[in-house]
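Fit chain R to the given chain Z structure using the hints.
Top to bottom, those sequences are chains Z and R.
Using the working numbering, the final residue of the first sequence is 152, and nothing's skipped along the way.
Using the working numbering, the final residue of the second sequence is 1118, and nothing's skipped along the way.
Please keep in mind that the hints were generated in silico from the structure rather than gathered at the bench.
Keep in mind the model is a prediction, meaning the values are calculated, not measured.
Here a beta-carbon is modelled for each residue, glycine too, at the ideal position from N, C-alpha and C.
Incorrect hints may have been included.
What the hints assert, rightly or not - Only pairs whose alpha carbons sit at most 30 Å apart, straight line, appear in this in silico BS3-like list of lysine-lysine:
1) R:LYS1060 / Z:LYS89
2) Z:LYS120 / Z:LYS137
3) Z:LYS137 / R:LYS1060
4) Z:LYS137 / Z:LYS111
5) R:LYS1060 / Z:LYS111
6) Z:LYS89 / Z:LYS111
To be verified - Covered by chain R, per the in silico footprint, the following chain Z stretches (three or more residues, Cβ under 8 Å):
7) 18–26
8) 50–61
9) 120–131
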Amino acid sequence: MNKKKAGYVVMHHLTDYVSCLSVIGIIALVTIAALEDRHNPCGLIGAKLVFAENAMIILVSLLAITKLIELSTEPQKTFPVNIFLRCLKSTFPEEAVADLVAFRNRLSQSKIPRRIIYWKLFIEVLKLIPDIHIQIKIENLWLPPGNRRVDK
Amino acid sequence: MPRKKDDAETVRLSAIDEDILTVLQSRELYGLEILDQLNPGRPLELSFGSLYPALNRLNKKGFINWRWGEEQDGSGGARRKYYEITALGARTLRDVQHYRMLLAHRAAGQSDLGGALI
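For reference, chain R alone in the conformation it holds in the complex:
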């Protein structure tokens, strides 16, 4: 029974979490770069305020890792945090995308059937 609960936890991904994991698939990125990848064409723009809680959530669930970057000029010694997707994150994202695809196929099949009945 506990096994089942763990599985349920791993597939719980919000839309923002899913978007972040998708952009992290190709390479490691820091906060502003993630926003740059996500925001073009997005109906509701993401801000830092939505990004950091999502990154914290993904990190705590083990879907992403992070490392410190170099100190930046003019930032008073502040370093960037670079995030990368883990194997668990990649697998979970694949599962969710697979499920969405199934859902789309199922919906398409039902609409075809509906059209045939009419």
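So here's chain Z without its partners, still in its complex pose:
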């Protein structure tokens, strides 16, 4: 077993443990919060309630971080790529998908770490969603209907 695969296996088990811990922890904290709320009819925020809220946030964050690290250490490269392509094709027009894939290939060639590549792509995709699905549709309301293709 190589180093990267071993890292992935460790992260996979760690994510499982954190998931279990988070579920149990969140149930316990919700119970504490509910009891605290019942014993505190005046609406004052007690120390236990604040602790429960903060602990829940920390547990959920911990779960998200471990899942992210697990995904970034995954040795099989094809799985996230296929998922990425499938998501893109169902969300954006064809030319945007081709451009984003070309952008990803360029980043891959520049030896940037894979998680940074995915982060950059994620940001691009996030910014693209409102522009493609909202801005263009709104602008088309007053633009002329023409769509000029050369090879029509």
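Positioned in the frame of chain Z, the structure of chain R alone reads:
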């Protein structure tokens, strides 16, 4: 009167539209190539999110044409869209550039005059 309105529509170009038409003057380009041409030295970098609405706008106004390219390896069958400037686009760009030049000359003339008065 409608003629006048049409003329006003054709010269309405934003800064991004003008930049895109300028880089498309030499040859046809696809989205990422347009960004590659525009971004070096640009104070505020353009992203895909600004590019596609601008290309849609220019296409709808008849300033650019497009055609599908070949399918790319590893893109799951997605094709690139190649854009080229139309005669109307080239003429509009020339008009806008001419107007900017006039404006620059006018401003330079006024500053010379201002300097002479002082």
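Original post:
Given the hinted pair LYS120 of chain Z and LYS137 of chain Z, is their alpha-carbon gap at most 30 Å?
Top reply: holds (25 Å)
**OP:** Would you mind confirming whether the straight-line C-alpha gap from LYS1060 of chain R to LYS89 of chain Z stays at or under 30 Å?
**Re:** Measuring from Cα to Cα gives roughly 24 Å; hence the hint holds.
Original post:
In terms of beta carbon proximity below 8 Å, does the stretch 50–61 of chain Z have 3 or more residues touching chain R?
Top reply: violated (count 0)
**OP:** Would you mind confirming whether the straight-line C-alpha gap from LYS1060 of chain R to LYS111 of chain Z stays at or under 30 Å?
**Re:** violated (39 Å)
**OP:** Confirm or reject the coverage of the stretch 18–26 of chain Z by chain R under the rule of 3 or more residues with a beta carbon closer than 8 Å to the chain's beta carbons.
**Re:** violated (count 0)
Original post:
Are the Cα positions of LYS89 of chain Z and LYS111 of chain Z separated by 30 Å at most?
Top reply: holds (26 Å)
Original post:
Taken at face value, is the distance from the CA of LYS1060 of chain R to the CA of LYS137 of chain Z at most 30 Å?
Top reply: holds (12 Å)
Subject >> Pairwise hint evaluation, LYS111 of chain Z against LYS137 of chain Z, where the allowed Cα distance is 30 Å at most >> reply: violated (37 Å)
Subject >> Verdict on chain R covering the stretch 120–131 of chain Z, criterion of 3 CB contacts below 8 Å >> reply: Three-residue rule met by the stretch 120–131 of chain Z, so holds; n is 5.
Violated hints for the displayed structure, listed by number in ascending order: 4, 5, 7 and 8.
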